[in-house]
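**Student:** Chains as they are written, first to last, in my numbering: chain A, 1 to 248; chain B, 1001 to 1248.
None of these hints come from the bench; they were simulated from the model.
Careful: at least some of the hints might be erroneous.
The following label-pair restraints were derived from C-beta to C-beta distances [to be verified]:
id, chain 1, residue 1, chain 2, residue 2, range
1, A, R112, B, V1136, 21 to 29 Å
2, B, D1185, A, T116, 51 to 59 Å
3, A, A15, B, S1010, 46 to 54 Å
4, B, G1101, A, A79, 20 to 28 Å
5, B, S1108, A, T238, 45 to 53 Å
Just so it is clear, CB atoms sit at the ideal spot from N, CA and C, and this is done for glycine as well.
There are 2 protein chains.
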Amino acid sequence: MSQSTPQPLSQTPVANTDVSLLEGLASTRAIRRYLNEPIPEAVLRDILFAATRAPSGSNRQPFRFVVLSQGQRAAQAKALIADSAQQFWAEKRQNDQYDKGSGADPDSPKSRMARTMQHYVDEFAKVPCLVLPCLVRYREPTPMEGASIYPAVQNLLLAARGLGYGGVITGFHGPVEAELKALLDIPEDIFITCTLTLGKPQGRHGPVRRRPLQELVFGDTWGEAPAWAEDPPGTRYTKAGPPPTARS
Amino acid sequence: MSQSTPQPLSQTPVANTDVSLLEGLASTRAIRRYLNEPIPEAVLRDILFAATRAPSGSNRQPFRFVVLSQGQRAAQAKALIADSAQQFWAEKRQNDQYDKGSGADPDSPKSRMARTMQHYVDEFAKVPCLVLPCLVRYREPTPMEGASIYPAVQNLLLAARGLGYGGVITGFHGPVEAELKALLDIPEDIFITCTLTLGKPQGRHGPVRRRPLQELVFGDTWGEAPAWAEDPPGTRYTKAGPPPTARS
């Protein structure tokens, strides 16, 4: 039992948080810079407990979470994905022309994003915690199968936010999936649904930015927003997606 | 503007809730019985705002929510899915032998589930609000694409819980997808990712029940739970999934 746990976790309730449910939903954002400190076991327990409360089709609970913090295998898994992430980002930075256009201005959102991503992949091998959310399939893959795993992933990120931590989802495991499965004894037919990194946020980070609600919510006709689809005061906006040159 | 809205929603902050983030994550469960009252527009705004704060790949925000409350088209969409749901459930009830084995005992979990589902599909056409979460694809379907829509769906369900409402995800739209798209002018290439019903819960409902954490969380070896993967006191358990006869 870790030093931070005065009694067995089976007798320890989930920690309290000052963050309200609606406030948490509106303020959880991708966190890619972490302090170099491990996440206490009691915190991991609370975060994973919240993740596994998520719904799934027929309550089958086909989600499994491989949680890699410290130890040799965890370090190997992080290093494997770090290599993959660095290659992926180098290509994307080039292909999506992150350093051209507004990217030439170091204060532009594009530049800031490029710096954040570069830092993220450079430091990936040192992330405090790497989680691989996995899906145990009971039928052929369908585009709907994510309905039984990504709600749990979102719960995980929200719980982290509630406890003063943060994380982000990526697909960096893709190119090294076979090696990862061999390293961690993950059966071949398991679907690793994403790569998730977690840690205590480093420094300040910006607000959640989205498109206006009128572009995302429709009434009984596609493309037509109901009158009530108005953002609350103080909402921050973004254009959607990566730089336009990257869109196909 | 509805009677419940004293000022424009663009000047109305999201409502407060007494539910904390971690409490909300642990206590949100599928709600299938609703009071027969419409959801106020201010509540719908808050719920959909929370939904659209969810993360998505490259912050592309490919999620669109078709929200059907009142009016003729909404009624037609609900009736369409209700028919599909009634047929689907009649077959499932038979095939999965919900009325045999422990299902013969009216107090068994199997019996209770069967009664709840029968009520749900029988009353489907009268659900207070039907939401169709849709994905705008920018590439060929992949099993990972759900990572950009189901987190938003989960946010939606959590926000509903925070405001005293509840809902559930189903796939009942599947067999009538073409008719729904025609009715609501949804373009053919849009992926309707699930059917979601929302309303104020009727009566009392049970706790969230899941498998023990030790079955769902692993360390650096598949199938082996870390020592910290202990449920907190008071956790309620279930066997996973539909009756064993239904498993393939």
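**Student:** Could you run down the list of hints and mark each one as holding or not?
**Tutor:** Hint-by-hint comparison with the structure:
Between A/R112 and B/V1136 the Cβ separation comes to about 26 Å, which falls inside the hinted range of 21 to 29 Å. Here the CB-CB span from B/D1185 to A/T116 is close to 39 Å, at odds with the stated 51 to 59 Å. About 36 Å separates the C-beta atoms of A/A15 and B/S1010, a value inconsistent with the hinted range of 46 to 54 Å. Range check, B/G1101 to A/A79: Cβ separation about 50 Å, and the 20 to 28 Å hint is violated.
Taken as a hint, the range 45 to 53 Å holds for the pair B/S1108 and A/T238, whose Cβ atoms sit roughly 51 Å apart.
Checked against the numbered hints above, the structure violates hints 2, 3, 4; every other hint is satisfied.
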